[in-house]
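Number of protein chains: 4
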Amino acid sequence: MKALVYLGPGKKALEERAMPDIAVPTDAIVKITKTTICGTDLHILKGDVPSCEPGRILGHEGVGVIHKVGPAVTAFKAGDHVLISCISACGKCLHCRKQMYSHCTTGGWILGNRIDGTQAEYVRIPYADNSLYPIPAGTDEEALVMLSDILPTGFECGVLNGKVQPGCSVAIVGAGPIGLAALLTAQFFSPAQIILIDLDGHRLEMAKRFGATAVINSAEPGIADKVMKLTGGRGVDTAIEAVGIPATFELCEQLIAPGGTIANIGVHGTQVALHLEKLWDRNITITTRLVDTVSTPMLLNTVIAGTINPKRLITHHFTLDKIHDAYATFGHAASQQALKVIIDA
Amino acid sequence: MKALVYLGPGKKALEERAMPDIAVPTDAIVKITKTTICGTDLHILKGDVPSCEPGRILGHEGVGVIHKVGPAVTAFKAGDHVLISCISACGKCLHCRKQMYSHCTTGGWILGNRIDGTQAEYVRIPYADNSLYPIPAGTDEEALVMLSDILPTGFECGVLNGKVQPGCSVAIVGAGPIGLAALLTAQFFSPAQIILIDLDGHRLEMAKRFGATAVINSAEPGIADKVMKLTGGRGVDTAIEAVGIPATFELCEQLIAPGGTIANIGVHGTQVALHLEKLWDRNITITTRLVDTVSTPMLLNTVIAGTINPKRLITHHFTLDKIHDAYATFGHAASQQALKVIIDA
Amino acid sequence: MKALVYLGPGKKALEERAMPDIAVPTDAIVKITKTTICGTDLHILKGDVPSCEPGRILGHEGVGVIHKVGPAVTAFKAGDHVLISCISACGKCLHCRKQMYSHCTTGGWILGNRIDGTQAEYVRIPYADNSLYPIPAGTDEEALVMLSDILPTGFECGVLNGKVQPGCSVAIVGAGPIGLAALLTAQFFSPAQIILIDLDGHRLEMAKRFGATAVINSAEPGIADKVMKLTGGRGVDTAIEAVGIPATFELCEQLIAPGGTIANIGVHGTQVALHLEKLWDRNITITTRLVDTVSTPMLLNTVIAGTINPKRLITHHFTLDKIHDAYATFGHAASQQALKVIIDA
Amino acid sequence: MKALVYLGPGKKALEERAMPDIAVPTDAIVKITKTTICGTDLHILKGDVPSCEPGRILGHEGVGVIHKVGPAVTAFKAGDHVLISCISACGKCLHCRKQMYSHCTTGGWILGNRIDGTQAEYVRIPYADNSLYPIPAGTDEEALVMLSDILPTGFECGVLNGKVQPGCSVAIVGAGPIGLAALLTAQFFSPAQIILIDLDGHRLEMAKRFGATAVINSAEPGIADKVMKLTGGRGVDTAIEAVGIPATFELCEQLIAPGGTIANIGVHGTQVALHLEKLWDRNITITTRLVDTVSTPMLLNTVIAGTINPKRLITHHFTLDKIHDAYATFGHAASQQALKVIIDA
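Chains as they are written, first to last, in this note's numbering: chain R, 8 to 352; chain W, 8 to 352; chain L, 8 to 352; chain B, 8 to 352.
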């Protein structure tokens with residue numbers, strides 16, 4: 008089968024690889040129909056993710072059809088259409104029992120990282136019963152690719168951790184795919200204000216179309232002042248960090264109202280300065296989270312009910328043959344005006 | 008009347024001052040019977056609290072007897088025995104309605120800071136109905152002095168924010184009065200482990216007597232390793248910072264288990280390093296809080312029921328005449344083996 | 008001034024009454040501009056509310072302008088436009104401090120019940136700082152009349168108590184004004200299904216326009232079967248009772264999924280049968296609540312932000328002179344296709 | 008092997024039965040060392056539990072040693088000492104993912120009910136990884152038999168559902184084993200008052216020794232008045248129903264304070280009267296629950312830490328040979344002064 012293989016920092020190739028097979032009784036083999044590329048895949052290619060070794064098939068998102076299942080799999084059979092979660096969950100360790108699947112002691116984010124991933128014609132999915140979701144007949148499967156990672160990430164790490172509530176004010180720092188996923192799912196809770204902050208004018212335009220009540224171009228000075236003006240001097244109830252660098256996290260520290268929550272989504276490579284000399288008495292909460300994908304069944308419900316249309320995040324389409332082009336487009340997202348790219352396998 | 012007055016950095020004096028009087032209809036005048044000294048009073052004397060100007064009577068803790076009340080006070084009358092909250096709450100602003108009395112727009116921590124305080128024979132209490140608590144006849148009033156500030160601070164900022172639960176593991180960094188208040192009140196929730204960490208051997212001895220399941224002397228190396236060993240390699244579910252310097256906050260970052268909470272109590276003067284490069288995917292929560300004293304009625308219930316004995320925090324007694332001696336003892340708490348000192352007014 | 012006065016079961020009159028005046032320092036006098044009629048007013052007229060004695064001016068909803076304030080009122084001054092809460096809250100009793108204003112020991116629902124109400128030219132509002140809300144300039148005040156009672160009641164007693172969440176299923180039994188208020192505010196949380204159940208076809212038509220995903224006419228048999236079919240055999244996560252009779256409450260018992268919540272809004276006059284022989288092992292929750300109006304500031308935010316348009320609940324307009332016509336219309340709501348009626352004072 | 012078999016209403020026999028074997032890959036076979044009898048076993052013998060058919064081996068509690076495991080079991084191996092949960096959980100259905108194991112679509116309470124149980128020398132445990140708990144070496148295993156059912160039932164259905172909090176007041180109606188289990192575990196949260204109500208003087212004596220702050224003999228009139236007197240006229244914050252008949256549930260309705268919670272544990276055979284005409288505006292919550300055993304790991308922690316000693320619930324010991332005597336003793340618990348009986352297999 009064809010598969011996109013990581014070959015060390017800066018190197019990848021579309022190679023012919025052996026079909027995966029059932030390794031333990033709880034495995035399933037899925038024939039991929041659609042996959043996509045995540046910002047994390049770019050991190051791997053930069054060499055920033057040591058757990059992902061050369062030779063690994065990349066990708067942790069996608070939808071497909073069950074090819075075969077191990078003897079202990081009871082929820083799926085060959086031919087079933089399934090959504091793949093980026094998180095593999097055993098369903099029985101201490102962390103899984105607390106619904107913190109991200110820290111499953113033998114799973115977590117392993118697809119396209121510690122084991123071969125979804126940017127291929129077939130993939131082996133461990134703990135299939137707990138890591139795949141059935142796709143109801145008639146569902147637009149392309150939309151569901153957004154439910155493998157980006158939508159639950161924006162929702163769980165940003166919106167749920169950020170305690171977005173009706174009538175509240177939200178600032179989202181970063182209007183890339185993940186910030187926009189937080190923007191879309193924040194609207195589940197009907198906040199009164201959602202302020203998007205980004206350097207890129209095009210992304211801010213998208214943000215307005217996606218429901219932002221105000222946008223601020225962070226290329227210009229006075230960001231915090233503008234947020235204070237928009238919120239009557241209070242600051243925001245929820246600040247969502249969706250970039251992953253010190254400047255954007257520290258901006259959140261400036262924007263947050265007393266009693267508010269800073270919900271970090273960004274993948275950070277260095278420490279940030281936490282200004283406890285200003286914040287110790289401000290009654291704030293800061294959260295971090297690797298997505299647990301515990302909200303996937305709920306998000307499926309909202310997509311099926313038409314409450315949310317995740318296809319709005321999809322800007323480009325490619326075939327698996329052209330996956331290098333897909334990476335080139337996604338890797339230059341701003342100049343290409345790209346959000347998420349779909350790859351048909 | 009006699010009152011301890013702040014006269015600028017490093018200077019204080021026991022002076023004769025005019026009796027306070029009702030200024031607005033919601034005020035009460037309380038004759039102080041017992042007060043105490045807080046670590047914050049020492050901060051003021053160092054000149055670290057600019058909101059407290061020279062000429063201010065110090066103190067924000069104490070019990071007393073109502074001397075007179077303004078015409079809008081309905082819950083108290085002259086002669087009633089009352090507990091004074093360190094936080095004044097109007098009960099009607101946006102923050103008070105969310106029970107975040109610490110950020111009351113016209114109150115908060117103002118006693119002995121922006122207005123004259125309790126280290127005197129009489130004190131004016133604004134918003135008396137919302138800032139005083141009736142003391143039932145027969146209660147040991149000395150114990151209740153611990154409910155003005157230290158016990159609700161340890162409980163709300165440390166234990167409640169830290170989400171201490173039955174069977175969980177807790178580390179408290181700092182075994183001074185505030186850390187020990189957190190230790191006493193953490194036991195309301197029956198955690199399986201409470202590990203106290205401090206430089207002072209005497210304080211660690213007290214911690215053991217107060218219910219710590221393990222103590223670690225932080226003068227010795229390998230603190231984090233010891234905590235990991237005690238928790239089966241997981242780290243603690245709750246880490247309570249009760250010192251207020253970068254080293255102790257960063258220690259909490261090292262001790263915290265995935266999914267855990269770092270609850271900051273310490274008053275910090277500088278920024279700390281938040282290691283998001285390690286913590287971004289650990290599903291942790293960090294909280295800050297100025298005490299709201301929203302738990303005071305509940306704490307009163309537990310003292311009256313005998314569930315907790317806050318007198319264990321009291322080590323020394325003085326009269327108001329000897330308040331300089333009281334400051335000297337409390338200011339050298341470690342060498343004096345002092346926790347809280349009671350001053351009879 | 009003119010005022011609608013309750014004169015005993017079945018009797019009311021528009022009388023000339025003396026202007027109210029400040030009685031205690033925390034009072035305000037409000038000149039009513041718009042008021043409305045509540046189902047509870049009809050209950051009073053039937054003689055079902057013994058706390059409301061003959062001679063009482065009716066009404067507990069409305070907007071107006073501050074006429075004068077007592078000396079302890081700090082948040083309002085003459086000329087301010089205000090929203091009146093149906094609940095008077097002292098802000099300082101044990102229940103108010105838990106935000107359970109409905110059970111304020113000296114307030115609660117007293118307007119138009121234990122003290123004179125809002126169906127008049129002027130009204131005295133106790134605890135004005137805690138029981139009135141400022142109306143920002145430029146707001147459509149008529150819409151805000153819905154925030155005195157009906158919208159917070161539907162939201163707090165039905166939606167919040169019912170724990171409506173994104174992607175969940177909701178059944179609302181009763182499509183009168185209160186059921187429709189629950190329908191409108193349930194959408195703050197983006198449930199996947201909201202099923203309205205009522206005997207009246209016209210109301211069900213309105214429900215569809217207001218956002219119901221399905222409607223069931225309860226004049227026809229098989230209600231529970233239809234709900235089961237709509238929910239894949241599970242039942243609903245939230246059942247909201249908005250009628251107040253045994254049959255509708257017991258219907259909720261039949262509709263509820265394991266783990267679900269029955270949130271009662273209805274005012275009940277008799278006991279109902281709780282089928283614990285079927286429900287003891289179903290992990291359900293049942294809640295009751297008199298509205299606390301604790302959500303009023305949040306609801307104001309959502310109206311100002313345009314998230315919700317409560318004017319959709321208003322079907323008729325009258326002047327205070329014609330208030331008997333207003334009662335006649337509201338009293339025959341079904342045949343008059345009436346929801347809420349506005350009375351201009 | 009020897010096993011106690013249900014033979015239809017009123018009939019049971021200690022029979023020789025074939026050893027159970029692995030049926031599906033997730034099964035384990037456990038050699039029972041200690042088991043016990045539950046009130047539910049008596050219900051079965053009365054013929055009240057139609058899902059339990061004649062021929063079934065009874066029992067759903069116990070500790071033992073792994074005899075063998077199926078190929079998909081990863082957490083256990085032969086020789087491991089284990090605690091058996093009364094609830095079998097697949098860990099992957101919709102309900103298990105919400106930690107509502109009691110409603111596992113292919114598990115739940117099936118042991119000694121729909122499949123053969125633990126009152127035997129060996130038992131087959133489905134979903135072993137999710138339904139067994141490892142016993143640390145050196146633990147008193149007899150104490151842990153109380154963790155199969157009774158302690159998590161009292162804790163989850165009574166204490167957690169009842170939202171017991173520090174300083175609050177609790178009434179427990181019924182001082183049988185389940186009420187006493189609620190009493191023991193309620194103390195995890197340090198309530199100020201725990202009032203036990205029962206007809207049996209001996210059980211009330213035990214309740215006092217187990218930590219009740221007051222006891223009321225319900226054979227005497229004026230129960231509700233006595234509770235009101237003990238709570239300053241407020242009623243209790245939490246009322247736990249631990250009997251299962253209309254009179255005791257309706258007593259809880261009389262005892263509950265505004266804003267309080269009635270947590271039902273009792274197994275009810277008939278409907279009860281819910282007095283909504285009195286309760287509709289009292290802001291109360293009523294909960295029902297079949298135990299999920301989701302708290303078992305936490306309870307294990309507290310037993311190991313010595314926070315709780317469940318052996319206090321054990322009054323009698325028997326061998327499997329004498330299990331009819333054990334039933335006779337447990338079946339006449341009041342006259343035998345019996346709580347839980349241990350059966351050594």
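These are calculated hints, taken from the structure and not from any lab test.
Hints should not be assumed to be uniformly reliable.
The list cannot tell twin chains apart, which means a pair is met if one copy fits it or any two copies do.
[Unchecked claim] No farther apart than 20 Å at their CA atoms in a straight line, the calculated lysine to any residue pairs in the SDA-like style are these:
hint, residue 1, residue 2
1, K285, A340
2, K53, D87
3, K84, A221
4, K53, K285
5, K236, T112
6, K105, Q172
7, K84, P143
Small disclaimer: the values here were computed from a predicted structure and weren't measured.
Inset, instruction - Return the numbers of the hints above that this structure violates; sort them in rising order. - result: Violated hints: 1, 2, 3; rest satisfied.
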